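Peer 1: As a plain string of letters, each chain reads:
Protein chains: 4
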Amino acid sequence: MTPSETGDVTVEPSLELDSLFNAVRSRSSELCDALEPDDFLLQSMPDASPPKWHLGHTTWFFETFVLAAADESYVPFDPSYGYLFNSYYESVGARHVRAERGILSRPTLGQIMNYRKHVDARMNDLLASDRDRAKLDFLIELGLQHEQQHQELLLTDIKHAFSRNSLLPAYRDSLKTSDSTPPTDEPWLLFEPGIRDIGHAPSPDGFAFDNESPRHRVFLEPFEIQPRLVTCGEFLEFMADGGYERPEFWLSEGWDRVNRESWTAPLYWNRDGSNWMNFTLGGLRQVDHNAPVTHVSLFEADAYASWAGCRLPFESEWEVACGDREVEGNFYEAERLHPAAATRVAPQQFFGDAWEWTLSSYSPYPGYRQSAGALGEYNGKFMCNQYVLRGGSCVSPRSHLRRSYRNFFPAHVRWQFSGIRLVRQLQA
Amino acid sequence: MTPSETGDVTVEPSLELDSLFNAVRSRSSELCDALEPDDFLLQSMPDASPPKWHLGHTTWFFETFVLAAADESYVPFDPSYGYLFNSYYESVGARHVRAERGILSRPTLGQIMNYRKHVDARMNDLLASDRDRAKLDFLIELGLQHEQQHQELLLTDIKHAFSRNSLLPAYRDSLKTSDSTPPTDEPWLLFEPGIRDIGHAPSPDGFAFDNESPRHRVFLEPFEIQPRLVTCGEFLEFMADGGYERPEFWLSEGWDRVNRESWTAPLYWNRDGSNWMNFTLGGLRQVDHNAPVTHVSLFEADAYASWAGCRLPFESEWEVACGDREVEGNFYEAERLHPAAATRVAPQQFFGDAWEWTLSSYSPYPGYRQSAGALGEYNGKFMCNQYVLRGGSCVSPRSHLRRSYRNFFPAHVRWQFSGIRLVRQLQA
Amino acid sequence: MTPSETGDVTVEPSLELDSLFNAVRSRSSELCDALEPDDFLLQSMPDASPPKWHLGHTTWFFETFVLAAADESYVPFDPSYGYLFNSYYESVGARHVRAERGILSRPTLGQIMNYRKHVDARMNDLLASDRDRAKLDFLIELGLQHEQQHQELLLTDIKHAFSRNSLLPAYRDSLKTSDSTPPTDEPWLLFEPGIRDIGHAPSPDGFAFDNESPRHRVFLEPFEIQPRLVTCGEFLEFMADGGYERPEFWLSEGWDRVNRESWTAPLYWNRDGSNWMNFTLGGLRQVDHNAPVTHVSLFEADAYASWAGCRLPFESEWEVACGDREVEGNFYEAERLHPAAATRVAPQQFFGDAWEWTLSSYSPYPGYRQSAGALGEYNGKFMCNQYVLRGGSCVSPRSHLRRSYRNFFPAHVRWQFSGIRLVRQLQA
Amino acid sequence: MTPSETGDVTVEPSLELDSLFNAVRSRSSELCDALEPDDFLLQSMPDASPPKWHLGHTTWFFETFVLAAADESYVPFDPSYGYLFNSYYESVGARHVRAERGILSRPTLGQIMNYRKHVDARMNDLLASDRDRAKLDFLIELGLQHEQQHQELLLTDIKHAFSRNSLLPAYRDSLKTSDSTPPTDEPWLLFEPGIRDIGHAPSPDGFAFDNESPRHRVFLEPFEIQPRLVTCGEFLEFMADGGYERPEFWLSEGWDRVNRESWTAPLYWNRDGSNWMNFTLGGLRQVDHNAPVTHVSLFEADAYASWAGCRLPFESEWEVACGDREVEGNFYEAERLHPAAATRVAPQQFFGDAWEWTLSSYSPYPGYRQSAGALGEYNGKFMCNQYVLRGGSCVSPRSHLRRSYRNFFPAHVRWQFSGIRLVRQLQA
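First to last, the sequence lines map onto chains Z, Y, C and B. Note that the numbering used here numbers the first sequence so that position 129 is 129, with each residue one more than the last. Take any residue in the second sequence, count from 1 to its spot, add 428: that is its number in the numbering used here. Take any residue in the third sequence, count from 1 to its spot, add 856: that is its number in the numbering used here. Take any residue in the fourth sequence, count from 1 to its spot, add 1284: that is its number in the numbering used here.
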């Protein structure tokens, strides 16, 4: 069992906050080492952001929500940056149009790196000081979790942008790959009906976003759940059976999308004669039949499930099925940046490889309270027309994930590493 | 207590199927009595359909799903009508573009009325025959429920179209109105935590759509629910407090919509000096402060709830709160075609007046199975990016409604009579 | 030579103004005789208008620009009609959105016909009175020419709407058809270089729009012009030679349009096996190889000319080539409502059959002055991004046409009866 | 009279072709000296291109149309570049989508500069060789003129992109400025009616695009033309008189644009209290009342002319009025990169400062023949829905301009340095 199999070794959840801070912040730079200077302004669609912007925005987040909160007299590094690097915080003020982040050639990359250094220095001062931990440490952790989200997005965004360039550049040529073996035929995991506790259980050091609370009870009718992710090979069977041409498997809105955008395969797949090729962060490769299928929308996931005579899980089912498993799997730290066939380490793939679509629309848990002030905008205002994904992907930092984590995207979205796990309903 | 207060007297659920058939079909014609010949081609937006099309489509439904199912040798009235009057059944074949139903001047209204007569005669033959009840009676009931849905849509669609004509014509001049008195201050209805049964309980004669099944268990944390609908007067307070200008109350997608479409009030409200006027099916009227607010999107309902320090109900909470109440209220049969202040008859307004937005996205109940064949497309394929509304409105036929009924529309939609009821979460 | 060959017998240019007025106005009603009541609200695209609207708008034109001009105390038939029936006169006030004329079910057709009667009566009073001829007669003639333009549009608009209905209804079943013979091989018309006079030559009774003046000099290099219109048979050769697939023949914007809208033939042509069918005002027919091709955009006309090694004429060349020819040809009065093979009467087809695309963008003649007030908006403000067509079509009223007449449409438009005549440049 | 007043000193038309080649190519690099590495991927709208793309495309042009034409065995520097750097040559093959040039982070800037070096070396070999001058020299000159067009576009494109960044960066801080004095009141230039020769007169060394030929005769009615460009101060009077709020001055399509895009001033003007500020390539400045107004659309130019009781010139009038004047004025070489008040050197401003809108749509001259092969696509296929501009601007290279030069843009376009000169029609 190599370190890359077990995942994260540098960014341990148990690190002290100051070490954690510097480890997470460094990784953002490390992610950019593989880029050419030309790549930093890339924005290939409104949902994506340029690397430069990710670097500036995460820094602005610490400046605005930590440094200014800690010290009323804090003077921003550059007062014009607020307008440029505010993402969507209405209460913080006006901001640059999201779809046009790709025209922000200034500030230059050098200026943004200086901005990072400046804020990091001030943050380290704060972390070394006798700070008001009750008030600030949650905000600092929030900033780090936020930065980890943007690290993942930086990778998915650059993958999308590179895929639109006919040169099909690789993000990294030296990514690890591993032997691919077919999944073994394990029994599905069975769950009896009953009342279950769902959501984040408060604990002294466990961080969670507000949308994971409060912990509450749900009743689940009996179900069984697939003990691994759906593979590319299985998805190819769906395709071979006319999956993309048969409306009976599809949600109505999905079928419209299939036709309007001429979908015939997951995003990044292209047929080359009789082969299917897959554009990856390591460049163009053959589709690996044993690896989990990713870059499918909820529509495709749902159609596949329908074709297979199953359905997708509700998020509560996923969370119950995940149980107390360790956060083990194929994460960013495995240095593959691509899904891999299930291994001995985490054969059930609850964490890593692919974010798993659920049938659950993203909505508040009963008793949910969004944070006061600007940070209340972090999660709550997006609880409409989005669907929950669980588990984390091959580009998620390991320390960012947990069982109660609720990721969310619109149903049509495909540029994330999003995959499929099936559920079968049982008779009560 | 007048008949119009108690609702439907002509179309009783207890009617024999043949009487019910003729009663429902007649009402579609009755609804058109108030129209000018010029109005039958009106389509003011893609979501709405012209009256002619409603008349033809509901007839096609009986022809296709009942007459042809009952008799394999059935010859359609006109083979070209299938293309014109198929709404969205992929398995039945190609069809006319939805957004362009307003250009179907042919067949003429006369031809469509002949089509209705022809199909009604054949249906009456079938109803009088020794038919295969096990196979056909559900389909016939489905056709009638379907026609009732279109009766409601015909009214909401014509209201929308008339509102876009600067002449602001009334659908009917002679609609009933009633005294408006402020709602009394009743305590909210309290519900203890516990396991509850939700969904349609099968019974010999009770019809339900497939999306209301199966009946299943949910766990509800404690809550209390408002014992009536939110009034226009209350909504005006929200507006006066800057409701439409303060992003902190709004879902992100809702706030975009507010700005993009310049929303400042519910649909059909217009300021006339210091007064707010309301375009109704009876023409232009002053906003009645005591009547329930309607024609609000889920976004507005959610923003109002947020401003009021509450939230919207989940659909399971609504169904539990509704309990075994009789289907009493302000329906189509009350001949108002507009919401009214709560009355002694049905003071809690669970049925009638306004469809009530819930936080529940429209998704399958655990164990849901969609019907086989074309009718499987009736409901299941829309279970994405829509939200459930409960209770029925002032233009719903009384006999169409029931406690387990799940109506659904996208969150931004305002042309239905959609309103607001609040919930307060309690500590478990 | 039958009357239908020679064209208009009822609406003679030489008629007295009062007879002319009643003849033109009656024809609008006559045009509607072939319609079902259901057809009057039809609007199949923003460029087209419903028959009801044409009837109301032309009446509003007389009311606003003649009756109100003649008598300051004139009280409009209904003050709300101005908003509904103003087309584009900014100086007359706000108006209903053009693309939504199809939702104006009210006023009813009956009310509009009453409006017509009312205005016709008042107009006849005025025509019988001792009116200020210097001030009014031009306005009355303008109103009549305007109504004739709308008569032509009513036919092209209804053709477009009917073509979108899968029933493909005929506007009239009883249209005349004529034997189709191939065009004879006549020499092209040759013109030596020289200074030519172009534009409307003022005369006591000759009406012209302001855009036809002033008469002015142009220098034309030598050219020869085709002595008839390009036929469908010839256009089929272009198609057979890959005309719609070879970018080298096309203007760049035309080529984009071909691809974006998947053009493979003129509008209204559909392949039926090895045959090309043509949807006409008389219903579906085979393409007549000898008849002029119509319903082509300027892009298609230009591509055809390029393929043929020629070019389209400039409007000055057309006007010079037309010379003093009588206005003879296949007009509305021929009761075909479709182009026909050239006949002995008007073998060169300068008038009738098809409006002929020119290379000339619609721009002011040197010295052009637009009329004062609202009527200045009639023509001048459209002199951008439109191209001039000459000659008149098979649905133009004969008395509406003249040698200096400048019709104009955007280059991509195909729903008019627009056709092709070629020019060859000669060495100076 | 300083060199910067007289314009170009480095790139003389009289240079030998090899010197000219190297001078023009060097200037493209020189233009980029003022950019940060971050700026090279900037594309702020589909009409604009990133600097990197301009550098690559102009190089591809020489490689494709000169090197490959000179030597059939020429092997492209990189065969994948054709797809990336082909702009619109259908006959050369498929290409990257224009609106998405901003996502071409690869090839890197370094690779593109190597590409330039490689092609420049091969070109210098060719220029030093005993080449087929008859065949190649025109192509080389075409490539240089083409590169000069892109040099101008690079500046207008970067100006547009910078204007969308709230930091409002200057392209160059050190641009020259000059004293601003009000224009003197010179008499308008009068032209008698008569036949005139228009277009490029072939000469041994004079280059011209195909669209400037053949030279031909036109007849011009008498007119007088303004002896300088309209100033910002004059345009402010139009604005103060409600110019942008009064539809009577506007073309219909222009008025739609004013309202849809909320135009209230020329592009790049912003009100700062009672001042109007102007974003320039030198950063934000006050509007100079004496300098020519630029960055107006044809719609604004036409509305201004209408307000002033004049009209815009036809291109033939401009060319006649320009006559044999030397190409003197405020060009790129003056190092202002902004229009300037008229000076003694070229007080009539026929060349430089601003491209002058004309009423002439861009159409073929009688007898026009587009070049054979791919280069035939250079000009001819754009002759629709564009309008001719004459004279050149403050960012045009001096040696690029000539009297017969026909620039063209759509009527709504404002990101070019486009300005206004008036004409008054005289009685014949």
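It should be emphasised that the hints constitute simulated quantities derived from the structure, not laboratory data. No experiment lies behind these values; they were computed from the predicted model shown. Heads up, the beta-carbon is just placed ideally off N, CA and C, and yes, glycines get one too. Fair warning: there could be bad hints in the mix.
Among the chain C residues that face chain Y by a calculated CB cut under 8 Å, a handful are [to be verified]:
(1) F896
(2) A955
(3) I959
If you want the ones that stay clear, here's a sample from chain Y, every Cβ over 10 Å from chain C, calculated [unchecked claim]:
(4) E464
(5) D467
(6) K480
(7) S508
(8) D553
(9) D560
(10) N593
(11) P597
(12) R624
(13) F635
(14) A668
(15) T692
(16) H717
(17) Q776
Stretch by stretch, here's where chain C covers chain B in the computed footprint (C-beta under 8 Å, at least three residues) [as the list claims (entries may be wrong)]:
(18) 1352–1359
(19) 1491–1502
(20) 1537–1551
(21) 1641–1648
(22) 1665–1673
Peer 1: Give a verdict on every hint.
Peer 2: Taking the hints in turn, this is what the structure says about them:
no.	hint	in the structure
1	F896	7 Å, holds
2	A955	12 Å, violated
3	I959	5 Å, holds
4	E464	5 Å, violated
5	D467	4 Å, violated
6	K480	7 Å, violated
7	S508	6 Å, violated
8	D553	28 Å, holds
9	D560	34 Å, holds
10	N593	6 Å, violated
11	P597	5 Å, violated
12	R624	46 Å, holds
13	F635	34 Å, holds
14	A668	29 Å, holds
15	T692	20 Å, holds
16	H717	30 Å, holds
17	Q776	38 Å, holds
18	1352–1359	violated (count 0)
19	1491–1502	holds (count 3)
20	1537–1551	holds (count 3)
21	1641–1648	holds (count 5)
22	1665–1673	holds (count 5)
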